[in-house]
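In the order they appear, the protein sequences are chains A and B. Position one of the first sequence corresponds to residue 154 (the working numbering), numbered consecutively onward. Position one of the second sequence corresponds to residue 2 (the working numbering), numbered consecutively onward.
Derived from the structure by calculation, the hints contain no laboratory data. Take these hints with a grain of salt, some might be off.
In silico DSBU-like cross-links for lysine-lysine, where the CA-CA straight-line distance does not exceed 30 Å [claimed, not checked]:
1) K135(B) - K220(A)
2) K70(B) - K220(A)
3) K70(B) - K90(B)
So, partial list: chain B residues that the calculated Cβ filter (under 10 Å) puts toward chain A [stated by the list, open to error]:
4) Q54
5) K121
6) T128
7) Q136
Given the structure is predicted, the values throughout are model-derived calculations rather than measurements. Built from N, CA and C at the ideal position, the CB exists for glycine as well.
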Amino acid sequence: MADIAFLLLIFFLVTTTIEKDKGIARQLPPPEPPNDEDVIIKEKNLFIVNVNKDDQLLVEEELMELKDLRQAAIDFIDNGGAPSGTAEYCAFCKGARSPESSDNPNKAVISVQNDRLTSYEMYIAVQNELVAAYNFLRDREAQRMYGWKFTEMKRAIDEGEISGSKAEDIQEKLESVQQMIPLKLSEAEPKKRGE
Amino acid sequence: MSKFKKKKSGELPAISTASLPDIVFMLLFFFMVVTVLRENNLLVQQELPKGDQVEKLKKDRSIFIYAGKPSSQYQDKYGTEGKIQIGDKYTDIDNIKFALNELRAQLRPELQDKVMVALKVDNETNTGLVSDIKQELRDLNMLKIIYITSPGNQLEN
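Work out the full structure, taking the sequences as your base and the hints as a guide.
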């Protein structure tokens, strides 16, 4: 009896791969409609991140290390440059309120431009930092409004710890935070090598 | 002569193994429950990039695309240029649509329009290959993607 059980045990021990698939989720833009009109975005609401074929970062025309990217992105999104009284005024922003930078988090767009030869490792590192910047701000606002961090709420929903009407309530809260600070990451078509 | 003999002191009694099968069965059940049999035989290298801003993958509605250099035992035949693997075989960029449609048809019908594409791409792949895949996915209208990462942060090393 024990022998057979051992045999099975060893079989399952060997074939086991404990589930660990996690990743950065992203929504692709829909296919371009034929009569595509260019959307005009103000220069100051655009944060351009360029990655070249040697995995170097150029952020807003300046060379930058990867470790500084998160803070730079937070500063940009959280700037809230629109003057008070206007429709775009951002009441909750804690940034520098510089008129040179973004008006409101829901106007701010981060554009990432890669070279075709950029390594995937670098690509994911950049995406990870930018998502981290958004998560930081969403956490802050969710904490302020509901006393619960955005990422923690989301995890609770994903893992099914909460269900029924409470889950719907939290889902609504998540959406309201997402609306305040929408994830606007645009990806330009990668350039040909060496251009 | 007493009926109650004194126990011999100094000698340890043998440990009973009667509960051994129970323990083994318990372990067996544990591993049976957590086991996921590998569905696909990997033909490409898979050293995943690190990330910590992650979400969980919903396995029931996802299809996998692997990409990277061919594994070492296939490198003589296929070279070291980045390749795409869908299901059990290498797929050309032109055949992706067909292969993905086939995989989508295998999902449960109510989940087919919520399909999520999981990209498992090796660290050293060029971004160009990934953006080619994404272009195809846009044409197919499979817009939800997830870049599978391994836990950790790139900045730490």
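Cross-check of the supplied hints:
As the CA atoms of K135(B) and K220(A) are separated by approximately 27 Å, the hinted pair is consistent with the 30 Å bound. A C-alpha spacing of about 28 Å is found between K70(B) and K220(A), which places the hinted pair at or below 30 Å, so the restraint holds. A C-alpha spacing of about 13 Å is found between K70(B) and K90(B), which places the hinted pair at or below 30 Å, so the restraint holds. For Q54(B), the interface hint holds, since its Cβ comes within 10 Å of a Cβ in chain A; the closest pair sits about 4 Å apart.
Interface hint status for K121(B): upheld, as the beta-carbon distance to the closest one in chain A is roughly 8 Å, under 10 Å. A cut of 10 Å between beta carbons decides the hint on T128(B): the least distance to chain A is about 4 Å, and the hint holds. At its closest, the beta carbon of Q136(B) sits 8 Å from a beta carbon of chain A; the interface hint therefore holds under the 10 Å criterion.
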